[in-house]
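Undergrad: One-letter residues, chain by chain:
4 protein chains.
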Amino acid sequence: MEQAIGHKVWAIAEGFIPSYGNGPAPQFTSHEAACILNASAQDANVKLWIYFSDRDPIGPYKFLVPAKRTKHLRFNDLHEPEAIPLDTDYASLIESDVPIVVQHTRLDSRQAENALISTIAFPVTSSV
Amino acid sequence: MEQAIGHKVWAIAEGFIPSYGNGPAPQFTSHEAACILNASAQDANVKLWIYFSDRDPIGPYKFLVPAKRTKHLRFNDLHEPEAIPLDTDYASLIESDVPIVVQHTRLDSRQAENALISTIAFPVTSSV
Amino acid sequence: MEQAIGHKVWAIAEGFIPSYGNGPAPQFTSHEAACILNASAQDANVKLWIYFSDRDPIGPYKFLVPAKRTKHLRFNDLHEPEAIPLDTDYASLIESDVPIVVQHTRLDSRQAENALISTIAFPVTSSV
Amino acid sequence: MEQAIGHKVWAIAEGFIPSYGNGPAPQFTSHEAACILNASAQDANVKLWIYFSDRDPIGPYKFLVPAKRTKHLRFNDLHEPEAIPLDTDYASLIESDVPIVVQHTRLDSRQAENALISTIAFPVTSSV
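Protein chains in written order, with numbering that gives the first Met the number 0: chain D, 0 to 127; chain H, 0 to 127; chain G, 0 to 127; chain Z, 0 to 127.
Here chain D stands alone, though its shape is the one from the complex (with noise of 0.2 Å):
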């Protein structure tokens, strides 16, 4: 199957990345990931914004999820333009140029013993 699936455009209004954890790292890295499945023949640019309850939304970030390829992204290692600070509540508007899917994972590693959280995301059908 080489066709393109899903939206353009996904909203994740849950985050958090506590900012401690147990367990070896980065496995147990208490951590927030965007799962993204690009199931089309062409290579999607993905641009993601990250939205604040007390200041103005960041980004974009950018990267790139090769054709018929997932990529699991961690909000944690996104550096450019800015870190994502701790301990902070946020949400997420993702938009690429290619349909893809969106799936929404956390690990809270807080307390001996992690807990997981996963969600699909939401996907928006207008257009932008």
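Read the hints as simulated data drawn from the structure, not as lab findings. Just to be clear, a hint being listed does not mean it is correct.
Some residues of chain G that are not near chain H, with every Cβ distance over 12 Å (derived) [claimed, not checked]:
| # | residue |
| --- | --- |
| 1 | His6 |
| 2 | Tyr19 |
| 3 | Gly22 |
| 4 | Ala32 |
| 5 | Lys70 |
| 6 | Asp88 |
| 7 | Glu94 |
In silico SDA-like links for lysine to any residue, alpha-carbon gap of 20 Å or less [said to hold, decoys possible]:
| # | chain 1 | residue 1 | chain 2 | residue 2 |
| --- | --- | --- | --- | --- |
| 8 | Z | Lys61 | Z | Asp42 |
| 9 | H | Lys67 | D | Thr28 |
| 10 | Z | Lys67 | G | Phe15 |
Just so we're clear, the structure is a prediction, and the values are computed from it rather than from any experiment. Beta carbons are placed, not taken as given, at the ideal position from N, Cα and C, and that holds for glycine.
Knowing the structure of chain D, use the given hints to seat chains H, G and Z on it.
TA: Chains H, G and Z only, in chain D's frame:
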């Protein structure tokens, strides 16, 4: 990106705030949150109703999500018209005057290690 | 808000009730729930079918969700036409005569610390 | 109810099978599952492709979900054309010849207490 994204009405059928927890407050207080993203250029005036199994719904609770901001609203922090009872099944309905995106999250710290859930809320497409 | 919100048919493809747990009953009994919101002004007459991997579906289970009420139905509490077997993969289909919203939740307390999952169920748009 | 419900193509952007776990096998083996409901009166012939971050997708894996049955497919159990590597980011695409409903679940038992995630998969509305 300064566009309105999402829907004006959202529903969350799950709701339960445990009455106790473990770990330092407020981060490890057992709580539920409606994470809301307002990506539009207009402030969002939001109303929220709480539904119960055995009595009439209460609300509206009213709050603002400023333009280009996210608000991770803790249900625990709702007090007007009345606090949400703990250890009680509930559901919620959220209505905004501009499109928003809503994700539901619970942290349950009743046991020594916290458990987390999160899911995209249900976007209502019919008008209200 | 007194309008009908949601869909009349919902599917939950995941289903598994662990046969044991830790902690005081009924809160920490391993269980699954279909959280249902009936925001309409009419009572919802709901039917539920359980699908298995190796035998014909059973049902309908029948119950009521009153107008403007939520019901967090524990699958563990279904007994008529028969109890749902434990430690068994299943799925469920829910049909209502008025639109409802359904969210699926499991508490798994087999180990000392409970684990939780929750997701919006799948809203079926075709008529039945 | 004997109707076909759902979609013929589904995507799951998240995927990661931890390489170890705690607790008795197979229930507490760290695993991922695609929970599939085939509510139709016809058997579903299902194909599944696995996408990676750094190499071409593999598949199709082929399996059957009989009419009016659910199958909770463990990705750990896929062996033909090849086993899915552990501790590796992946995503999946599922195609069926009759409509189905898909939900994604992971049990992560790397630490002493298991963690769980689950979400409805992404239903693809375009034809393939």
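Undergrad: Aspartate 88 of chain G clear of chain H by more than 12 Å, beta carbon to beta carbon?
TA: The assertion about aspartate 88 of chain G holds, with a minimum of 21 Å to chain H.
Undergrad: Quick one: work out the minimum CB distance from lysine 70 of chain G to chain H and report holds if it exceeds 12 Å, violated otherwise.
TA: Per Cβ check, lysine 70 of chain G is inside 12 Å of chain H; nearest 6 Å; violated.
Undergrad: Would glutamate 94 of chain G pass as off the interface with chain H, using Cβ distances and a cut of 12 Å?
TA: It holds; glutamate 94 of chain G is separated from chain H by about 16 Å at its closest Cβ, greater than 12 Å.
Undergrad: Measure nothing beyond the straight line between the CA atoms of lysine 67 of chain H and threonine 28 of chain D; if it is 20 Å or shorter, mark the hint as holding.
TA: With a Cα-Cα distance of about 29 Å, the restraint between lysine 67 of chain H and threonine 28 of chain D is violated, given a limit of 20 Å.
Undergrad: Report holds if the minimum CB distance from histidine 6 of chain G to chain H is greater than 12 Å, and violated otherwise.
TA: Violated, because the least Cβ-Cβ distance between histidine 6 of chain G and chain H comes to about 9 Å, which does not exceed 12 Å.
Undergrad: May I ask you to check that alanine 32 of chain G keeps its beta-carbon over 12 Å from the closest beta-carbon of chain H?
TA: Violated, since 8 Å does not exceed 12 Å.
Undergrad: Would you check whether the claim that glycine 22 of chain G is not at the interface survives, using Cβ distances to chain H and the 12 Å cut-off?
TA: Non-interface label fails for glycine 22 of chain G: nearest chain H Cβ at 7 Å, not farther than 12 Å.
Undergrad: Beyond 12 Å on every Cβ pair: is that true for tyrosine 19 of chain G relative to chain H?
TA: holds, 16 Å
Undergrad: Need the status of pair lysine 61 of chain Z, aspartate 42 of chain Z: alpha-carbon distance at most 20 Å?
TA: holds, 13 Å
Undergrad: Given the hinted pair lysine 67 of chain Z and phenylalanine 15 of chain G, is their alpha-carbon gap at most 20 Å?
TA: Given that 20 Å is the threshold and the Cα spacing comes to 17 Å, the pair holds.
The structure is inconsistent with the numbered hints 1, 3, 4, 5 and 9, although it conforms to all the rest.
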